Each structure stands twice: as structure tokens, then as C-alpha cells.
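Engineer: Below, each chain spelled out in residue letters.
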Amino acid sequence: MTAFQGQELIIENLAAGYGKIQVLWDVSVRVGPGEFVAMIGANGAGKTTTLRAVSGVVRPTGGSIRLGGHDITRATPTQIVSLGLGHVPEGRELFGLMTVRENLELGAAMRPEARAKQAQTLDHVYSLFPRLAERAGQLAGTLSGGEQQMVAVGRALMGRPSVLVVDEPSLGLSPLMTQTVFGALKAVHAEGVSVLLVEQNVGLSLKLAQRAYVLENGEVVKEGTGEALLADPGVREAYLAL
Amino acid sequence: MGTPASKRQAARKPDITGIALIPLAIFFVLALVFPFLPLGDRGAFLLQIGFFTLVAGIMALSWDILARSGQVSLAHAAFYGLGAYGYALLLKTGMAWPLAMPLAALGAGVISLVLGAVTMRLSGMYFAIATLAFTEVVRTVIQNLPESVAGGANGLLVPALLGGNSRGQYLLALALLALTAGVSLAVRTGRLHHAFAAIRQGEETARVLGVSTVRYKLAAFFISSFLAALAGVLYAGKTFFISPLDTFSLANSIAPLTTSIFGGLYTTLGPILGATVLRVAEEALHNVVKNGYLVVYGLVLMLSILWLPRGLMGLFRRGKHGGDV
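Top line first, the protein sequences correspond to chains A and B.
So the first sequence is numbered by our numbering: it starts at 2 and just counts up by one.
So the second sequence is numbered by our numbering: it starts at 14 and just counts up by one.
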């Protein structure tokens with residue numbers, strides 16, 4: 002059993018943006034060790050920007066981000082990955098001209114401790130997604146959307162992350178494939194990885210997550226357990242059209 | 014446990030196997046034997062074609078290494094010229110050639126880091142234009158140095174390499190091509206391969222995966238320009254005369270690009286084969302179609318790019334995909 006060691010991710014009063022356009026005003030999110038947390042919100046609420054700030058691709062202008070006790074607010078993406086963050090980017094962003102196996106190997110290539118256990122983790126990812134073992138030699142760009150999402154999740158797992166942030170995995174997937182991918186995330190979480198999931202598919206995310214945050218215009222406006230938010234009349238009206 | 018472990022084991026092996034190296038080894042054995050063949054009264058001429066084929070191979074392969082990191086450069090003439098001029102100037106100070114050669118390459122490598130740092134945020138067309146402009150800047154600077162230093166527009170005389178011994182020069186070029194191929198294989202099988210391929214196909218994704226894009230892009234620049242500068246040294250020592258217009262000519266930037274595409278991008282054997290076929294074809298055509306051989310040459314190049322999108326390497330690996338050898 003190659004269990005993962007989940008760590009804590011604490012985002013406090015985060016502010017960030019692109020140039021003069023401020024996107025995040027006040028985002029505070031906490032993911033406990035081994036916890037599954039969702040962040041929901043409409044288009045443009047700042048969900049992806051939050052994750053990009055966590056990864057170090059966007060420089061925060063205020064607030065702080067801590068990963069497993071390390072302050073990563075000003076760290077580079079490379080440092081953040083080496084501290085144990087795995088990022089499944091929006092739109093999957095696979096390397097389409099590389100094989101499935103090469104894409105997976107790449108996920109382990111930049112972290113020495115992940116490289117040392119590469120063969121082991123690869124077997125593990127293949128057992129999580131048997132489909133990927135069958136397609137190991139195929140070009141990633143020729144896979145179906147759902148399979149590509151599996152590769153994207155698998156690639157992030159190859160870095161043996163302690164915290165996995167997942168951006169909009171249901172994007173462009175059929176409802177059936179969305180179920181499959183969410184099932185995989187559940188399995189990943191069961192291994193002990195802390196998960197922060199960003200989704201527009203609010204119903205499914207709230208069912209899956211232990212706790213969730215609602216983001217509006219760059220601010221956290223609500224938080225609670227998945228169940229509580231599912232029952233919240235405001236959430237139901239705004240995001241579930243009920 | 015879906016598939017048997019043995020099958021997965023096989024699927025995990027890197028693409029570079031002994032078999033993939035055989036064509037490369039064959040090339041080098043043939044190239045090594047070539048100067049010792051009884052070449053007849055045209056021997057000197059053939060040996061010279063062979064020499065420039067090897068130089069073209071170093072240029073193409075070193076360009077390809079940079080291209081693997083997603084940086085399609087038009088600065089190769091600059092690296093080539095920096096190598097040639099650096100070598101000539103170092104020799105003028107009385108330095109011995111075996112020392113001047115690596116130092117000139119090192120100098121070009123360091124200067125390429127400046128270019129790499131400036132173009133760090135550029136990509137595609139903008140990157141290509143910036144590298145093209147860099148070549149012009151370097152050429153202009155060298156041309157406008159005092160004539161007593163670098164000869165200005167008139168150029169510089171360079172002592173002949175190895176006292177003008179053609180066979181020796183050829184073998185030296187072959188050794189440097191072997192060095193370039195060795196570096197290329199090391200890049201292909203090591204961590205640089207993953208980093209370069211990731212940056213090439215999606216720089217931001219590479220960053221979130223932990224690839225230190227700045228460091229790897231600069232490394233690509235340094236390696237590539239170091240090797241291209243060695244080609245420049247060979248050129249300077251062979252022709253024993255260099256001038257800014259010839260050395261920094263746009264053709265020296267374009268040829269490595271077309272050669273690599275023709276041979277097979279992101280491979281070690283491809284650019285070497287491409288250089289061999291194109292140089293030999295060019296000379297042969299020159300013999301057959303005296304005037305206008307360049308038109309025929311261009312036509313052949315166009316057709317082959319249309320029919321062989323993966324270059325000559327596509328012939329070997331037809332039907333297979335992934336893993337560039």
C-alpha cells in the first residue's frame with residue numbers, strides 16, 4: 002500500500018489579480034490533513050485564480066498561504082511542488098504529443114522523492130485507473146476527454162503530493178464520465194491525500210466534499226459542510242436552480 | 014492489478030533502446046571510415062564536402078536541442094559567428110588552439126544566456142524575431158569594432174586548423190559531432206528531456222508541475238550555443254577567413270532549422286541524417302543542374318516536408334507514435 006500523507010493547506014485573507022485587475026479580495030480557505038474540501042462559485046468568482054495563487058503561478062498581493070507548516074505565499078511553483086502540492090489544471094492541459102506513460106513520468110520528474118518511487122507510484126496510478134495501463138503507449142492527445150482527465154489526475158499523483166488541488170475536472174465531460182472522474186478523486190482522497198476541488202458542478206461536489214466554501218466576486222461568502230450547503234436555500238437557488 | 018506486471022514493466026521502459034542506437038552507431042562508423050577510403054583524385058573535394066556535412070550536422074543537432082525546449086531560434090548564426098570570431102580573436106592573443114576552441118564556445122554559451130534571459134517571456138513568432146534581431150546586433154557590433162581588433166567588414170584571417178591537414182580536420186569535426194550527439198542523447202534520456210518536452214508543449218502547465226522553466230530554458234540556450242559555437246570554430250579554422258556578412262548570414266540560422274525538420278525534429282539521428290542527405294543532395298544537384306540547382310533543391314525540400322511530416326525519421330518509425338528517439 003503506497004498511502005499518501007495528507008497535509009494542511011491554509012489560505013488566509015488572500016488577495017490577488019492580474020495586473021491592475023484585482024480578482025481575489027478576501028479568500029480564506031482551510032483544508033485539513035486528509036480532508037476533502039470543495040470551492041464552488043460562478044464563472045469569474047476567482048476559483049481558478051485562487052488555485053493558481055496556491056501553485057505560485059499568480060503572485061498574491063495580500064494575505065498568506067501555508068502548506069504543511071511552510072509559508073508558500075512568495076514561493077516559486079518549483080518550490081511549492083517540492084513541498085508537496087499537486088495541481089490538476091483546468092482543461093487538463095496534457096502534453097498531447099507525448100504518450101500517456103511519458104505524461105505520467107513527467108509528473109514525477111521534478112521531485113526527487115517522487116522520482117525515487119516512480120515505478121511504485123506508476124503501478125499505483127495504473128491500479129487506480131486501469132484504463133491508463135491499457136493506453137500507456139498511446140499519445141495523450143488521442144484519448145477521450147474522461148481518459149485525459151484521468152491522466153491529468155494521475156500525472157499530479159505521480160509527484161506524490163500531500164495536497165492535491167483540482168480545477169474543474171468535469172469541464173467538457175459527459176455526466177457519466179464526470180461520475181467516473183469524481184469517483185477517482187474519491188479514491189485518491191481515500192488514500193490520504195488532502196483535496197481542494199474547484200467545481201461548477203455544485204451538486205456533485207457538495208455531495209463528495211466534507212466541507213465547502215462558496216466564492217462570489219473574489220470573496221468567500223459562505224462555508225459549511227457539504228450537506229449543510231446542499232440544504233442552504235441561498236445555495237440551492239443560486240447554484241442548483243431549485 | 015489490471016494488467017500483468019511484466020507487461021507494465023515493458024511499457025515503462027524508456028524509448029531509447031540499444032536498437033534505436035544502432036543506426037546512429039552505423040553512421041559514425043561509416044563517417045569514420047570515409048576519410049580512409051581510396052577516394053581518388055577528387056578525394057580532397059569529397060573530404061571537404063564531408064567536413065562541411067559534419068559541421069552542418071553539429072549546427073542542426075544543436076539547434077534541435079534548443080528547439081526541444083520550445084524555443085524556435087533564429088540566432089544560430091550568432092552562436093556560430095561568436096564561436097568563429099571568439100576563436101579567431103583568442104588565437105590572435107597567442108593562445109593555443111586546443112584552449113581557444115572550448116573557450117570560444119564557452120564565451121558564446123555565456124552570451125547566449127543574456128539572449129535567453131531577455132527572451133524568457135517571448136514565444137513563437139515573437140521569440141523568433143527577437144533572436145533574429147539578436148543576430149543582427151551581434152553582427153553589427155563585430156563589424157563596427159575597430160578594424161585592428163576584429164577586421165571590420167573586411168573580415169579576419171584565421172590560422173588553418175591542424176596546419177591545414179584535411180583528414181585531421183575532418184576527424185576533429187567528426188569528434189565534435191560525436192560530442193554533440195552524446196550531449197543530445199544525454200538530454201534525451203535524462204531529466205532535461207521531460208522538462209524540455211513539458212515546456213515546449215505548455216509552459217504554464219510545466220510550471221505547475223514543478224518544472225523550473227527559467228533554469229531549463231537557459232540550460233537549453235547554453236548547451237545549444239556552446240555546440241553551435243564549436244561548429245563556428247571548425248568553420249573558421251577550415252576556411253581560414255571569416256567576415257561578418259558570411260559568418261552571421263541568415264542562411265546559417267535557417268539551415269539548421271530546415272535540416273532538423275527535414276531529418277526529424279527532437280531526435281538525435283534525424284538532424285544528422287538530414288544534414289548528410291541535404292548536403293550530399295545539394296552537391297550532387299550542383300553537379301547535375303549547374304544553374305538553378307537551388308530551385309530544384311528547394312523543391313525537393315518542400316515535397317519532402319509535405320510527404321514526410323516527421324522527416325526522414327518518420328520513415329523508420331512509420332506507424333509508431335510518441336517517444337522521439
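Please keep in mind that the hints were generated in silico from the structure rather than gathered at the bench.
Just so it is clear, the structure is predicted and the values come from calculations on it, not from any experiment.
There could be a bad hint or two in this list.
Simulated DEER-style distance windows between Cβ atoms [to be verified]:
hint: 1; chain 1: A; residue 1: G70; chain 2: B; residue 2: M133; range: 40 to 46 Å
hint: 2; chain 1: A; residue 1: Q121; chain 2: B; residue 2: M133; range: 33 to 39 Å
hint: 3; chain 1: B; residue 1: K303; chain 2: A; residue 2: T77; range: 25 to 31 Å
hint: 4; chain 1: B; residue 1: M133; chain 2: A; residue 2: Q6; range: 52 to 58 Å
hint: 5; chain 1: A; residue 1: L98; chain 2: B; residue 2: A173; range: 54 to 60 Å
hint: 6; chain 1: B; residue 1: L116; chain 2: A; residue 2: N44; range: 53 to 59 Å
hint: 7; chain 1: B; residue 1: I39; chain 2: A; residue 2: G70; range: 20 to 26 Å
hint: 8; chain 1: B; residue 1: N178; chain 2: A; residue 2: T77; range: 24 to 30 Å
hint: 9; chain 1: B; residue 1: A199; chain 2: A; residue 2: A232; range: 43 to 49 Å
Note that the Cβ used here is the ideal one computed from N, Cα and C, for glycine as well.
Engineer: A separate judgement is required for each hint: does it hold in the structure or not?
Structural biologist: Verification of the supplied hints:
Separation of G70(A) from M133(B) is about 32 Å and departs from the stated range, judged on CB atoms against 40 to 46 Å. For Q121(A) paired with M133(B), a C-beta distance near 36 Å keeps the hint of 33 to 39 Å intact. Checked against the given bound of 25 to 31 Å, the beta carbons of K303(B) and T77(A), roughly 59 Å apart, lie outside it. The given range of 52 to 58 Å is broken by M133(B) and Q6(A), whose C-beta atoms sit roughly 35 Å from each other.
For L98(A) and A173(B), the Cβ-Cβ distance of about 45 Å falls outside the hinted range of 54 to 60 Å, so the restraint is violated. Here the CB-CB span from L116(B) to N44(A) is close to 57 Å, well matched to the stated 53 to 59 Å. Taken as a hint, the range 20 to 26 Å is violated for the pair I39(B) and G70(A), whose Cβ atoms sit roughly 56 Å apart. The hinted window of 24 to 30 Å between N178(B) and T77(A) is violated, with their beta carbons roughly 52 Å apart.
Under the hint 43 to 49 Å, the C-beta atoms of A199(B) and A232(A), about 60 Å apart, miss the expected range.
Violated hints for the displayed structure, listed by number in ascending order: 1, 3, 4, 5, 7, 8, 9.
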